[in-house]
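S.K.: Here is how the chains run, residue by residue.
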Amino acid sequence: MSNTLFISLAVLGILGGVLAVVLYFVAQKFKVEENPLIDEAEACLPGANCGGCGFAGCRALAEACVKQAAEKGNIDGLACPGTDMGKVAAVLGLTAAAFEPKIAVVRCNGSCQNSPSKVHYEGADICAFANTLYAGEGGCSKGCLGLGDCVKKCNFDAIHIDKETGLPVVDPDKCVGCGVCAKNCPRGIIEVRPRGKKDRRVFVCCVNTDKGALVVKNCSVGCIGCQKCLKECPFEAIEMRGNLAYIDPAKCKACGKCVEVCPRGSIHAINFPPRKPKTEDPKVLQGAEPVVKPQPKPEPVEAKTEVKPENTVKA
Amino acid sequence: MNPIKTFQKGGVHPEENKLSAHLPIQDFPMPKQIIVPLGQCLGAPAECIVKKGDRVLTGQLIGTAKGFVSANVHSPATGTVAKVDVVMDHTGYYKPAVFIDREDQDEWIEGYIDTDELITDIKLDSKQIIDKVKECGIVGMGGATFPTHVKLMVPEGKKAEYIIINAAECEPYLTCDFRLLLEKTQEFLVGVKILMKAVNTDKGIIGIEENKMEAIELLDKTINEHRDLYKGIEVQPLKTKYPQGGEKQLIKAVTGREVPSGKLPIETGCVVVNVASTYAIYEAVQKNKPLIERIVTVTGKSVKKPGNFRVRFGTPADLLIEAAGGLPEGITDVINGGPMMGKSVSVTNFPCIKGTSGILLMTLNEAQDRRQTNCIRCGRCAMACPMGLQPFLLHKLAKQNNFDETEKNHIMDCIECGSCEFTCPANIPLLDYIRYGKAKTGAIIRARNQK
Amino acid sequence: MNKYTISGSPHVHSTENTQKIMYRVILALVPALLVALYYFGWYALRLTIVSIAACMLTEWLIQKFLIKGPLTINDGSAALTGLLLAFNVPANLPIWMAIVGSIVAIGVGKMAFGGLGKNPFNPALVGRVFMLVSFPTAMTTWPQAQPIFEKGFFADAVTGPTPLGILKESGVGSLAETGDMQFLDMVLGNRGGAFGEVCAIALLLGAIYLLARRVIEFVTPLTILLTVFIFTGICHLVNPANFIAPWYHIVYGGLILGAFFMATDMVTTPMTIRGKILFGVGVGLITVVIRLWGAYPEGVSFAILIMNAFTPLINKAFKPYVFGVVKPSKK
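Protein chains in written order, with the numbering used here: chain A, 2 to 316; chain B, 332 to 782; chain C, 5 to 335.
No lab work stands behind these hints: they were computed from the structure.
Treat the hints with care, as some may be off.
[To be verified] Pairs of lysine-lysine residues, derived as BS3-like cross-links and limited to a Cα-Cα distance of at most 27 Å, are as follows:
| id | chain 1 | residue 1 | chain 2 | residue 2 |
| --- | --- | --- | --- | --- |
| 1 | C | K7 | B | K739 |
| 2 | A | K184 | B | K739 |
| 3 | B | K570 | B | K534 |
| 4 | B | K632 | C | K7 |
| 5 | B | K426 | B | K465 |
| 6 | B | K635 | C | K7 |
| 7 | B | K562 | B | K336 |
| 8 | B | K730 | A | K175 |
| 9 | B | K465 | B | K454 |
| 10 | A | K199 | A | K254 |
| 11 | A | K119 | B | K635 |
| 12 | C | K122 | B | K730 |
| 13 | B | K454 | B | K534 |
| 14 | B | K635 | B | K349 |
| 15 | B | K727 | C | K323 |
| 16 | C | K320 | B | K730 |
| 17 | A | K175 | A | K199 |
| 18 | A | K232 | A | K258 |
| 19 | B | K730 | A | K154 |
| 20 | B | K528 | B | K465 |
| 21 | A | K218 | B | K727 |
| 22 | B | K727 | A | K184 |
| 23 | A | K154 | B | K727 |
| 24 | A | K164 | C | K72 |
| 25 | B | K730 | C | K172 |
| 26 | A | K199 | A | K218 |
| 27 | B | K340 | B | K635 |
| 28 | B | K382 | B | K465 |
[Said to hold, decoys possible] Just some of the chain C residues that point at chain B, by a computed CB distance under 10 Å:
| id | residue |
| --- | --- |
| 29 | Y8 |
| 30 | I10 |
| 31 | S11 |
| 32 | P14 |
| 33 | V16 |
| 34 | H17 |
| 35 | P74 |
| 36 | S81 |
| 37 | V271 |
| 38 | I277 |
| 39 | G279 |
| 40 | K280 |
Note that CB positions come from ideal geometry on N, CA and C, so glycine has one too.
All chains, full assembly: derive it from the sequences and hints.
M.R.: Structural data, given as structure tokens:
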């Protein structure tokens, strides 16, 4: 009996030893030399691999930072939208441009009340598909379809469909402004804008460029392009895009004057303390410093499904 | 009569419901104002060449084709252009359109031969025919609205052996092609001759499903009576099975040839043209009449007076519904086209255009319960797929946004016939997801090819 | 005015749905259940009711309190699992064991994977095999068939060997000696065994109904039966003294029940015809190997479970031929 025990111990022990040696040499042979800075830089990043920086993941961004730092001595142009790159720069012994926190903004307020549904949709829960099928339950061909492509794509659980309004709502605590939702919105409703000082920001909550008469038909809060805000703005921060007002966050001083004059309530001011109960919506006040950053243009509405002629059945 | 043929792979057999098959075509009166959308074909919308206040004649060109797969648009009536604006199409999107205030009397453009007599003598040669087809804005009128002249231009090095006329009308409910075959038999057959001349072939095959026996017999008889005139034209009865009228399925059924994956039907030496388009080609070539009207079937089980109407483009669909006895109670689905491939409409006052083959009104009962349950992996969708795809798999991959795999699983071969979703016991919107996957995969492939 | 529905085409659907499929299978099992009531009386009735109730209750509880998703208890799939589970166990099995088996079948075999359509293994067989390895004695003590008109509905069960058990224990010779194990009795169900499997005629009746309604395809059952027949036939020809004739193998044990009602379960079996053939051959071969050389007298459940595990691979390997794609071999 003890013999068996001894033999098994010996065989397994020798086997273990031999394999350990083999493993050692294999590990030596296939060793990948890597700059330890990459690990350190990666540790400063959120690690969500959201792709908002334009790289495949956080590690890829860290690698790019280290590479550019070695070649050019800076990390300009490389930025994680949700993190202060100063930390990464510090790891590499550099300084980075000031960090401007950003947030996704849903520019549609066509809720079930504001844009009552006229038809009933039944089908796949994909905005990109529904977009090819019809204008929307409320009839607005530019408004939110409410099927949640943005929700499905968010890596930070920061955007959800409000059951009552049927519109997506961004959770300001979780959103890092990576822009994945904006990229995946087939109607370009979501825009990534600077958060603004004290989280105060003013934006036009509509993307409908149609003529006012057509907008009014379907929605009680859509921008009709009356240009009142344009005339009111002391900083020339508002421009017209077709029949739609657009507030340039780079120029906007968040004074809130436009909010007051808008006859449709299309301009929203977020996180402003209520001043006077003059308007129904407590959303006016002065505020934040402008933040210098080029604005991403709203995504063009995605091309409709192209049906190849030869692939289509005819009756 | 030739023996009945069919395609083998997949297919389903929905209830036929050809409620309006016995009803003759009626001319539909035009309203005071007609709204002619400029985008009436698959490609880019036509470019408007008239302006407010212009007087246009019936058949006058008002929009010129822009791009390769685009087609001309002509005025369907005589009148004054009220405005050039946008109009809501059936999906609820706004599209450019010309509004015309109509005069009571039609005043035709120069060159139009106003006769009901049959003109059998084809004066034009191949090139002239194709030019005429292009000029008259003729598109595939089965629903896809692919410009016909593009199909007729056989590429270098290829030879068109057969003209195949798609008279299968495999969509349930629709009867417009069937009525046209019965009422305009001779004109239609001359149209086939014109097509054969256009692509320089002496073989023309008309594929008809066997549930339209009346039409098969009438065509056979007419061809036999005028042997010399219609030499080379054959009638091929097909089994009643959806999607018998799919271009690839039709070619397979009639000739036994398979269109290679990702290639055009001309690879097999076939050019497939729809019945209504063939008739339109007859009128264009022989009578110099541009495409300004078509037959529209208005139908549905609860519709009081279903019918087949000859409608000028730009007539709002709700007038047709009115003529068919008004909107019945409990209608939940209004469909532009047939029940298998047609499109849901958001508003009923959309103008009829070249691709409007039918207006179908359905109640919830007809459309069936759509409560979704889990996929039970029964594989019926794969059995029903006429293209040999695995819809359950494509659905899952599209849902996961795994577009590398969708491409490998031939998502681009999907003809969107809807057989899979029709047969699914779990009521999963398979085709919705496949269309989404197809659009995304197609975009990725195009982006890759451009590099 | 009612709102119009916007949906992608097609706008008409076939009248088939999951619920109908499930209830049709249950309906197809009714003849076998009636025969079982005739032979096993009260025990069969009791077990069937308990097992169906336990399965449905388990599914309902899990959906209501664990998953908190939609309740699909009415779709008939849990009831079907319960019925099949009952069909696969001895009629005189203690009730609590049947309940444990049902909980395992639904809880582990089905809901743990996400519910209907997502389970890789046939839930009823998972439950059955779990019971077989947990309660080997109870699960292999088979009551004998005793028609209720002779012994009464509530007659005590008399246990006895099953034909396959006799074969395993004592070989072909003893089976011939006992004499009462006649082929006709086997077909009619007058024998020992799990109460759903005994009557081949009643099962075939149900199978014909399912085939006619196109709920199941003939491919899988046919290949299973053919494989078993050919394999055991070869063995019989080689050595008739050791191996019994193939037609006995077809009607013995749960082969017919398994082939027509378990191996045709849509969720856990391949989708394409070629895949189904491979699946059927696999089930047949494994069944015969277990029956002839394995430790257990019966191997249908194990065979189907093993092949269930291969189903995803088979589905991947045997895809349908795509229209217009030239096969590489022809190039």
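S.K.: All the hints need checking, so say for each whether the structure fits it.
M.R.: For each hint, the structure was consulted:
1. C/K7 / B/K739: violated (40 Å)
2. A/K184 / B/K739: holds (25 Å)
3. B/K570 / B/K534: holds (21 Å)
4. B/K632 / C/K7: holds (19 Å)
5. B/K426 / B/K465: holds (23 Å)
6. B/K635 / C/K7: holds (20 Å)
7. B/K562 / B/K336: Holds, because 22 Å separates the two Cα atoms, which is no more than 27 Å.
8. B/K730 / A/K175: holds (25 Å)
9. B/K465 / B/K454: Answer holds: B/K465 to B/K454 is near 17 Å, not above 27 Å.
10. A/K199 / A/K254: Given that 27 Å is the threshold and the Cα spacing comes to 13 Å, the pair holds.
11. A/K119 / B/K635: holds (25 Å)
12. C/K122 / B/K730: Answer holds: C/K122 to B/K730 is near 16 Å, not above 27 Å.
13. B/K454 / B/K534: Holds. B/K454 to B/K534 sits at ~20 Å (cutoff 27 Å).
14. B/K635 / B/K349: This hinted pair holds, its Cα atoms lying about 14 Å apart.
15. B/K727 / C/K323: Distance of about 16 Å is within 27 Å: holds.
16. C/K320 / B/K730: holds (19 Å)
17. A/K175 / A/K199: holds (16 Å)
18. A/K232 / A/K258: The given pair, whose Cα atoms are some 10 Å apart, holds under the 27 Å limit.
19. B/K730 / A/K154: Given pair B/K730, A/K154 holds - Cα atoms ~12 Å apart, limit 27 Å.
20. B/K528 / B/K465: OK: B/K528 and B/K465 at ~16 Å, within 27 Å.
21. A/K218 / B/K727: Outside the cut-off at roughly 38 Å; violated.
22. B/K727 / A/K184: The hint holds at about 22 Å.
23. A/K154 / B/K727: Within the cut-off at roughly 16 Å; holds.
24. A/K164 / C/K72: holds (18 Å)
25. B/K730 / C/K172: Violated: B/K730 and C/K172 sit about 51 Å apart, past 27 Å.
26. A/K199 / A/K218: violated (37 Å)
27. B/K340 / B/K635: Since the Cα atoms of B/K340 and B/K635 sit roughly 38 Å apart, the hinted pair is violated (cutoff 27 Å).
28. B/K382 / B/K465: holds (23 Å)
29. Y8: At about 5 Å, which falls below the 10 Å cut-off, the nearest Cβ of chain B leaves the hint on C/Y8 intact, so it holds.
30. I10: Check passed: Cβ of C/I10 comes within 4 Å of chain B, closer than 10 Å.
31. S11: At 6 Å from the nearest chain B Cβ, C/S11 passes the 10 Å test, so the hint holds.
32. P14: holds (3 Å)
33. V16: Since the shortest Cβ distance to chain B is 4 Å, the answer is holds.
34. H17: holds (4 Å)
35. P74: Result: holds, 9 Å to nearest chain B Cβ.
36. S81: Holds: closest Cβ of chain B sits about 8 Å from C/S81, inside 10 Å.
37. V271: holds (5 Å)
38. I277: holds (9 Å)
39. G279: holds (9 Å)
40. K280: Nearest chain B Cβ about 9 Å off; hint holds.
Hint violations for this structure: numbers 1, 21, 25, 26 and 27, all remaining hints satisfied.
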